[in-house]
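> FYI, the numbering for the sequence shown is 1 to 172, going by UniProt numbering.
These are calculated hints, taken from the structure and not from any lab test. Honestly, I wouldn't trust all of these hints.
Claimed, not checked - For lysine-lysine, the following PhoX-like pairs were computed, each having C-alpha atoms within a straight-line distance of at most 20 Å:
| no. | residue 1 | residue 2 |
| --- | --- | --- |
| 1 | K150 | K167 |
| 2 | K49 | K110 |
| 3 | K167 | K42 |
| 4 | K87 | K110 |
| 5 | K110 | K144 |
| 6 | K49 | K145 |
| 7 | K167 | K87 |
| 8 | K49 | K167 |
| 9 | K117 | K42 |
| 10 | K117 | K71 |
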Amino acid sequence: MQELSIQLSDNEWPLTYTDHDRQIVRAIVVDDQQNYYFVRAKRDDDFGKATLIETSGGGVEAGEDLETALKRELKEELGAEVEIITKIGVVSDYYNLIHRHNINNYYLCKVTSFGEKHLTRDEIEDFHLSTLRLSYRDAEEEYKKCAETKIGKLIAARELPVLRRAKVLLGE
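Given only the sequences and the hints, what does the whole structure look like? Please build it.
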């Protein structure tokens, strides 16, 4: 099956300029019981006040390859050790408000174990990150509900196609 390749625009905020690209790794994380794992973020910042669902992941650091960065991010945010099943694809999107172009590299991963999370101060104090364990159907509904905010619309547009592809890859 061909990898996803999606190009999205930010239609929520006006485009003034883009001054940086960010390489990001993200994962649809599942366990043997077909539970899906996400992060819940509660934010009140330039993007507005919102409670969101999002795949776990983050920026690729200098000198890291994508898979190393992915495993590090999943350990930090979910406390999860994972087996990478396959790359799902790349979603290119924009956050006009912060002048950023995101290159989101998505993977499908299976949890092998859970341990301690290692959240940053910002993730704890500004985003109040927590772990969500959901069925596929509940995850899809959660994205739709969160799309009632501007930032939620951008995230849902980016992540729902990836979630749907993961379901196909898992043979559900």
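> Now, for every hint given, state plainly whether the structure supports it.
Evaluated hints:
1. Restraint check for K150 and K167: not satisfied, since their Cα atoms lie roughly 26 Å apart, outside the 20 Å limit.
2. Restraint check for K49 and K110: the C-alpha separation of about 32 Å exceeds 20 Å, so the hint is violated.
3. Restraint check for K167 and K42: the C-alpha separation of about 26 Å exceeds 20 Å, so the hint is violated.
4. Taken as a hint, the K87 and K110 pair is honoured in the structure, with Cα atoms around 12 Å apart against an allowance of 20 Å.
5. Of the pairs offered as hints, the one joining K110 and K144 is violated, with about 24 Å between alpha carbons and a cut-off of 20 Å exceeded.
6. Taken as a hint, the K49 and K145 pair is honoured in the structure, with Cα atoms around 14 Å apart against an allowance of 20 Å.
7. Only pairs whose Cα atoms come within 20 Å are accepted, and K167 paired with K87 is accepted, the gap being roughly 13 Å.
8. Of the pairs offered as hints, the one joining K49 and K167 is violated, with about 30 Å between alpha carbons and a cut-off of 20 Å exceeded.
9. Proposed proximity of K117 and K42 is supported: the alpha carbons are some 18 Å apart, at most 20 Å.
10. A hinted pair counts as satisfied when its Cα atoms are at most 20 Å apart, and K117 with K71 qualifies at roughly 12 Å.
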